[in-house]
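S.K.: Oh and the sequence shown: position 123 is 123 in full-length UniProt numbering, straight run, nothing missing.
Hints are computed from structural coordinates only; laboratory data are not their basis. Backbone N, C-alpha and C fix where the C-beta goes; we use that ideal spot for every residue, glycine too. Careful: at least some of the hints might be erroneous.
[Said to hold, decoys possible] The calculated label-pair distances, taken between Cβ atoms and stated as ranges, are:
1. 1 - 120: 35 to 45 Å
2. 120 - 55: 42 to 52 Å
3. 92 - 29: 12 to 22 Å
4. 47 - 120: 55 to 65 Å
5. 59 - 86: 26 to 36 Å
6. 48 - 120: 52 to 62 Å
7. 82 - 1: 15 to 25 Å
8. 94 - 120: 46 to 56 Å
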Amino acid sequence: MRFVLDGKTYEVDGISRLSLMDVLRFNRESERGDWGVTWADIEDMLNELRGLTDEDRKRHPAAVWLLALSVWRSFRDSGEALTFEAALDRLPALNSERLKWLPDPEDHKPANPRKARPPRRGSGGA
Numbered sequence: 001m002r003f004v005l006d007g008k009t010y011e012v013d014g015i016s017r018l019s020l021m022d023v024l025r026f027n028r029e030s031e032r033g034d035w036g037v038t039w040a041d042i043e044d045m046l047n048e049l050r051g052l053t054d055e056d057r058k059r060h061p062a063a064v065w066l067l068a069l070s071v072w073r074s075f076r077d078s079g080e081a082l083t084f085e086a087a088l089d090r091l092p093a094l095n096s097e098r099l100k101w102l103p104d105p106e107d108h109k110p111a112n113p114r115k116a117r118p119p120r121r122g123s124g125g126a
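Construct the complete structure from the given sequences, taking the supplied hints into account.
M.R.: Right, dumping it as structure tokens:
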């Protein structure tokens, strides 16, 4: 998944790229911000989301936390040393002219070699 924010493209690899330091930073910020969510809660959310359909996963209350962590990591991967809170302050909550989500690139699908192609015009059907 990728997004463009204020003209810059970011790759979103998910929370699997979070380091132990990121987890500790998240816990510290969460405690200071009194968000009521710890890394243990995030792990519980991940377990809840496993096995759900894509549609159910998108609508699950935990999805926004996982998206937030993924976006934070995307900013950090691009060299922006932002706190979790500062990263989220940059991202609009609703559709905005500043933010565009990009579709995932699709693999090239070659033409089916077993499927007969119609004869070309002027070939005479030889």
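S.K.: Take the hints in turn and mark each one as holding or not.
M.R.: Status of each hint after checking the structure:
At roughly 41 Å, the beta carbons of residue 1 and residue 120 sit within the given window of 35 to 45 Å. The given range of 42 to 52 Å is respected by residue 120 and residue 55, whose C-beta atoms sit roughly 44 Å from each other. Taking the beta carbon of each, residue 92 and residue 29 are about 20 Å apart, inside 12 to 22 Å as hinted. The hinted window of 55 to 65 Å between residue 47 and residue 120 holds, with their beta carbons roughly 57 Å apart.
At roughly 28 Å, the beta-carbon separation of residue 59 and residue 86 lies within the given 26 to 36 Å, and the hint holds. Checked against the hint of 52 to 62 Å, the pair residue 48 and residue 120 passes, with Cβ atoms roughly 56 Å apart. Taking the beta carbon of each, residue 82 and residue 1 are about 19 Å apart, inside 15 to 25 Å as hinted. For the hinted restraint 46 to 56 Å between residue 94 and residue 120, the CB-CB distance of approximately 52 Å keeps it satisfied.
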